Amino acid sequence: MVGERGLGKLAWVLVFVSPSLVGLAVFSVIPILASLGLTLYEWDLLTPPHFVGLDNFQRLIHERNFWAALAHTLYFIVGYIPLVMVIALGVAVILNQKLRGVVLFRAVFFVPVVSAWVAVALLWKWIFNPKFGIVNYLLGLVGIHGPAWLFDPQWAMPAIIVTSVWKDIGFVMMMFLAGLQGIPAEYYDVAAIDGAGDWQRFRYITLPLLSPITFFALIISLINSFQVFDQVRIMTDGGPAGATSVLVEQIVKNAFDYSRMGYAAALSWALFLLIFTATVFQTRLQKHWVTYD
Amino acid sequence: MYTILVISALFMIVPFLWMLSTSLKADQYVLTMPPQFFPRPLTLSSYVRLAELFPIGRMFFNSLLVATLTTLGQLVTCSMAAYAFARMRFKGSNALFLVYLATLMVPFQVTITPLFILMRYLGWTNTYQGLILPCVFSAFGTFLLRQFFLTIPRELEEAAFIDGASRWTVYWRIILPVSKPALASLGVLSFMGSWNAFLWPLLVVRDMDLMTLPVGLATLHGRWLTQWNLVMAGTVITVVPMLAVYLLAQQYFVRGVVLSGIKG
Amino acid sequence: MKKHLSVLPVGLLLLTLVMAACAPATTPTPVVVERTVEVERTVEVEKPVVVTATPESTELPEPVTITYFTFSAAPDHLEDLDEMIQIFEQAHPGIKIKVETASFGEYFTKLQTLIAGGTAPDVFELNYENFVSFAAKGVLLNLDSLAEADEAFDPAIFYPRAYGAFNFNGMQLGLPETFSTVLLFYNKDLFDQAGLSYPREDWTWEDAVAAAKELTDADAGVWGLHSGVQFWEFYKKAAQNGCSLFNEDKTEVTINAPECVEALETMVGFVTEDEVMPSDAEMGGMSDGDLFKAGKIAMDVTGIWMFAAFQDAPFEWDIQVEPGLKQHATHFFSNAVSVFAATEHPQEAWEWVKFFTSSPEMAQIRVASGWELPALDNPAFFEDYLSLSPPTNRAAVFKSLEHAIVPPVIERQAEMADDVNKLLDQVKLGQLTSQEALDQAKVQIEELMR
Chain A
0 MVGERGLGKL
10 AWVLVFVSPS
20 LVGLAVFSVI
30 PILASLGLTL
40 YEWDLLTPPH
50 FVGLDNFQRL
60 IHERNFWAAL
70 AHTLYFIVGY
80 IPLVMVIALG
90 VAVILNQKLR
100 GVVLFRAVFF
110 VPVVSAWVAV
120 ALLWKWIFNP
130 KFGIVNYLLG
140 LVGIHGPAWL
150 FDPQWAMPAI
160 IVTSVWKDIG
170 FVMMMFLAGL
180 QGIPAEYYDV
190 AAIDGAGDWQ
200 RFRYITLPLL
210 SPITFFALII
220 SLINSFQVFD
230 QVRIMTDGGP
240 AGATSVLVEQ
250 IVKNAFDYSR
260 MGYAAALSWA
270 LFLLIFTATV
280 FQTRLQKHWV
290 TYD
Chain B
0 MYTILVISAL
10 FMIVPFLWML
20 STSLKADQYV
30 LTMPPQFFPR
40 PLTLSSYVRL
50 AELFPIGRMF
60 FNSLLVATLT
70 TLGQLVTCSM
80 AAYAFARMRF
90 KGSNALFLVY
100 LATLMVPFQV
110 TITPLFILMR
120 YLGWTNTYQG
130 LILPCVFSAF
140 GTFLLRQFFL
150 TIPRELEEAA
160 FIDGASRWTV
170 YWRIILPVSK
180 PALASLGVLS
190 FMGSWNAFLW
200 PLLVVRDMDL
210 MTLPVGLATL
220 HGRWLTQWNL
230 VMAGTVITVV
240 PMLAVYLLAQ
250 QYFVRGVVLS
260 GIKG
Chain C
0 MKKHLSVLPV
10 GLLLLTLVMA
20 ACAPATTPTP
30 VVVERTVEVE
40 RTVEVEKPVV
50 VTATPESTEL
60 PEPVTITYFT
70 FSAAPDHLED
80 LDEMIQIFEQ
90 AHPGIKIKVE
100 TASFGEYFTK
110 LQTLIAGGTA
120 PDVFELNYEN
130 FVSFAAKGVL
140 LNLDSLAEAD
150 EAFDPAIFYP
160 RAYGAFNFNG
170 MQLGLPETFS
180 TVLLFYNKDL
190 FDQAGLSYPR
200 EDWTWEDAVA
210 AAKELTDADA
220 GVWGLHSGVQ
230 FWEFYKKAAQ
240 NGCSLFNEDK
250 TEVTINAPEC
260 VEALETMVGF
270 VTEDEVMPSD
280 AEMGGMSDGD
290 LFKAGKIAMD
300 VTGIWMFAAF
310 QDAPFEWDIQ
320 VEPGLKQHAT
330 HFFSNAVSVF
340 AATEHPQEAW
350 EWVKFFTSSP
360 EMAQIRVASG
370 WELPALDNPA
380 FFEDYLSLSP
390 PTNRAAVFKS
400 LEHAIVPPVI
410 ERQAEMADDV
420 NKLLDQVKLG
430 QLTSQEALDQ
440 AKVQIEELMR
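Protein chains in written order, with numbering that gives the first Met the number 0: chain A, 0 to 292; chain B, 0 to 263; chain C, 0 to 449.
Chain A extracted, bound-state conformation:
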């Protein structure tokens, strides 16, 4: 077979895959399997775990906090994903051109990504401040009395979504940029010669050729947003009155505050199932819109 000289095919596969696979197996898979085992136990970390069978799962189904956290997490995802993908793509396309200072612009968009949530959250708490924040000030200019944002159960999650989108645009944009860079200029030139306009070039060249990266960005954003936590903890700590409590927040609380590591593990695996299902669904869907070479 072409290119297989020197070693058998399987050997080549092993050569390339084994460093990553061995490392993953030891440092990821083993702890993950251990956490799966933990779901059948109750463990307060201080004393040895004791076996409880499927109790944790039973309890999970009946616990009000779990379903509330699930609903809030889904709310976050539905608000966050479309916004961040569309805006990041738009920005990436714009910044893919030879503009003056484009490098600086790209760096600027990346600044929020590298900033710690501590600083970002504090700043956005100011921005959303009901009395002194810019948002309500601007709303006031057009005659709208702004809500209490992070202190209002209805508006806290939207505020968190906006903050998260703002912070992550640069991250997704960077991936799109890398993808856009991989599209050969010739394709555009040929299309221009054939009389295709900007929008047509975008729709028939850019989007399809970018689709593997788009798929990646979508999946990664999905996986991450199911696990949203840091910003919730810092901006509202799950409040007000539990309106922004999300799944990972429940997991952390149970693992370390309530000394119920086994139950936390069960929650983690419930979350895993959700993410896995969503991902498989997206993967199946990709044949309809993702074009590989």
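Keep in mind that the hints were calculated from the coordinates and are not lab data.
Every value quoted in this text rests on a predicted model; they were computed, and no experiment measured them.
Be careful, since some hints might not be right.
Residues from chain A that keep clear of chain C, each with C-beta distances beyond 10 Å, as calculated [said to hold, decoys possible]:
no.	residue
1	S17
2	L20
3	F50
4	L208
5	K286
In silico BS3-like cross-links for lysine-lysine, where the CA-CA straight-line distance does not exceed 30 Å [stated by the list, open to error]:
no.	chain 1	residue 1	chain 2	residue 2
6	C	K97	C	K187
7	A	K286	B	K179
8	C	K249	C	K136
9	C	K249	C	K441
10	C	K136	C	K441
11	C	K398	C	K325
12	C	K325	C	K249
13	C	K325	C	K212
14	C	K398	C	K249
15	C	K212	A	K130
16	A	K286	A	K8
17	C	K212	C	K398
18	B	K179	A	K8
19	A	K130	C	K187
20	B	K90	A	K97
21	C	K325	C	K441
22	C	K212	C	K187
23	C	K97	C	K136
24	B	K179	A	K97
25	C	K136	C	K95
26	B	K90	A	K8
Beta carbons: idealized from backbone N, C-alpha and C, even for Gly.
Given the coordinates of chain A, work out where chains B and C should sit on it, guided by the hints.
Chains B and C only, in chain A's frame:
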């Protein structure tokens, strides 16, 4: 077009400027309401105080070492595995890839405890290898690079195979150079992930000698009171090197020049 | 152009390296500072007689290292801690103390993980709630035998209440490290401007609200008082109204008794009816401490840990015992230092724990640097403390102890606090009435206790 860009850029950077401004404020002006944009008086006292409270140089060095080694490790192992997934058809490759993806779907807050116990067995708590190795083997990196490799035109490799190149040569001399943008992206993201990592270093590190920046600076959040100018100064110190890394990586975001001249 | 740009990032990198490298004396080196403190009475300090087993060889043993994990030392008091360690190590040449720190938010996550991983520190700090759960799990060393064997140790040196707090099922599982009380802080300038007389020890909340109404100035954004609507404040106000969350032997949940409901209504009423207290939205994410310091809150119920923070407030302030309802009830919080049950060096750990919680050197350093109050029943140590100002009325700190109540603790404490806080949030938001909230609280707590 340009104005939109400038406005959005401002929108992105104002928070950082605000962080910078807070870090330069004197203690009593930090939390005035409404907040003061330009610090009066302007002072470096927060930075000085940070240096008094923490071995910043050491923490910086640790963060840098760990992040660099983690990033290099990721770039190497992930690109190799990604190439295998993207270009080598083998039985079970899809299933294996799904396993890779699956490792990203289990929240780390729970798996961190078994991982810590594993470190204990290996004797790697409170060591550099304990800080670095668990983070090197990332499914994220493999996924990113696989997607990117899939977009590389096969003609490139086929031409090389015809010329008698082995898999390794193709990987090293063709795939990698063409993938500079993706590698640069992964490099930046990997570096950032390691640089800002908090929970894992918190658990693994016992000695001040091994302390990384985020963990050390976290103690600025007192139980009752937080000195925001110090926190912001710490954040600025943490953010600036990351930006430097990003700018350094920028030069690799170049269009794939090599693709010109390929026919068919 | 490209060359230009690659200079920039490298330059930035170098700049930060230089900034970090040029930072002055980075590692906090232990400094022996001579403090002149006028001590007019002779304090008898007996040299601790360490009863050790007869060594089997005549060789000097390797120094034993004791790890001490703390959340209260970093970052401001590491030097004070180092000073204490120096004094201790000089007196105990065979023992070395290794300090590990974490901030309070992460401390228990790390501590629990270390214990789960089998690498627990020998000695660690605990606040009261966590003490109870750690004690119940049997991970704390019973200090009774060590205490009895040690002739130099006399438990009477501690505040009885503090010492007793860390006695679990008849076993002494920790020594009290510090204590704090919660009081009414008030802005003297604002009182003067309004022509009001300062809060008195016998005030009820009615008196406080009356004064607050005069002090509240909506236009200037100044509020008369602040007293958080949350779990700890709630059980205290309930106690002030003669109500408690449980009955004597915790067989019944009484959180929704009429007096408790009344107490909650009073608390929430400060915001909604009396309009003397800002709502959460009106505080805009700033803490009550921040607002008090900014002169926006005239009376704030908070703890003595804020003394240091308020030192440079641009106005005169003082403290008073918290007002009561039917009676006074105040908070008494204490932190303990405990020894890990499976430590390899119980004797050495005991020496450190004993020194760190009860030695006069430790007390002097703490008081002089404002690093929390040691829980010692010896007025000698507090002469200096009491003479410091602001606040002047420091005697209130100790007067407060006369009405101190114990927090209601059950096994699933953290969950109970979270559940109750969520219900209180709903009352604050107007989603539930006080009665409804407490009725639901009763049901939820009963579930937790099953």
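Cross-check of the supplied hints:
Every CB of chain C lies more than 10 Å from the CB of S17 of chain A, the least distance being 29 Å, so the non-interface label holds. The Cβ of L20 of chain A lies farther than 10 Å from every Cβ of chain C, with a closest approach of about 26 Å, so its non-interface assignment holds. Annotated as non-interface, F50 of chain A keeps its C-beta farther than 10 Å from every C-beta of chain C; the closest such distance is 17 Å. Taking the minimum C-beta to C-beta distance to chain C, about 26 Å, the non-interface status of L208 of chain A holds against the 10 Å cut.
Every C-beta of chain C lies more than 10 Å from that of K286 of chain A, the closest at about 41 Å, which supports listing it as non-interface. With a C-alpha separation of about 44 Å, the suggested pairing of K97 of chain C with K187 of chain C is violated against the 30 Å cut-off. Of the pairs offered as hints, the one joining K286 of chain A and K179 of chain B holds, with about 27 Å between alpha carbons and a cut-off of 30 Å not exceeded. Under the criterion of a C-alpha separation no larger than 30 Å, the hint pairing K249 of chain C with K136 of chain C is consistent with the structure, at around 20 Å.
Taken as a hint, the K249 of chain C and K441 of chain C pair is honoured in the structure, with Cα atoms around 13 Å apart against an allowance of 30 Å. As the CA atoms of K136 of chain C and K441 of chain C are separated by approximately 26 Å, the hinted pair is consistent with the 30 Å bound. This hinted pair checks out: K398 of chain C and K325 of chain C have alpha carbons roughly 18 Å apart, not beyond 30 Å. With a C-alpha separation of about 23 Å, the suggested pair K325 of chain C and K249 of chain C falls inside the 30 Å cut-off, and the hint holds.
Taken as a hint, the K325 of chain C and K212 of chain C pair is honoured in the structure, with Cα atoms around 21 Å apart against an allowance of 30 Å. Our distance criterion of 30 Å between C-alpha atoms is met by K398 of chain C and K249 of chain C, whose separation comes to about 29 Å. A C-alpha spacing of about 22 Å is found between K212 of chain C and K130 of chain A, which places the hinted pair at or below 30 Å, so the restraint holds. The suggested pairing of K286 of chain A with K8 of chain A holds, with an alpha-carbon distance near 28 Å, which does not exceed 30 Å.
About 27 Å separates the Cα atoms of K212 of chain C and K398 of chain C, which keeps this hinted pair within 30 Å; it holds. Straight-line distance between C-alpha atoms of K179 of chain B and K8 of chain A comes to about 27 Å, which keeps the hinted pair within the 30 Å bound. Distance restraint check for K130 of chain A and K187 of chain C: the Cα-Cα separation of roughly 27 Å lies within the 30 Å cut-off, and the hinted pair is therefore satisfied. The hinted pair formed by K90 of chain B and K97 of chain A fails the criterion: a straight-line CA distance of about 44 Å is larger than 30 Å.
Distance hint between K325 of chain C and K441 of chain C is fulfilled; the C-alpha atoms sit about 23 Å from each other, no more than 30 Å. For the hint pairing K212 of chain C with K187 of chain C, the CA-to-CA distance comes to about 16 Å; that is within 30 Å, so the pair holds. Note on K97 of chain C and K136 of chain C: the hinted pairing holds, with a Cα-Cα distance of about 26 Å set against a maximum of 30 Å. Of the supplied pair hints, the one linking K179 of chain B and K97 of chain A holds, its CA atoms being roughly 19 Å apart against a limit of 30 Å.
Taking the CA atoms of K136 of chain C and K95 of chain C, the gap is about 28 Å. The hint holds against a cut of 30 Å. At most 30 Å may separate the alpha-carbon atoms for a hinted pair to count; K90 of chain B and K8 of chain A meet this at roughly 11 Å.
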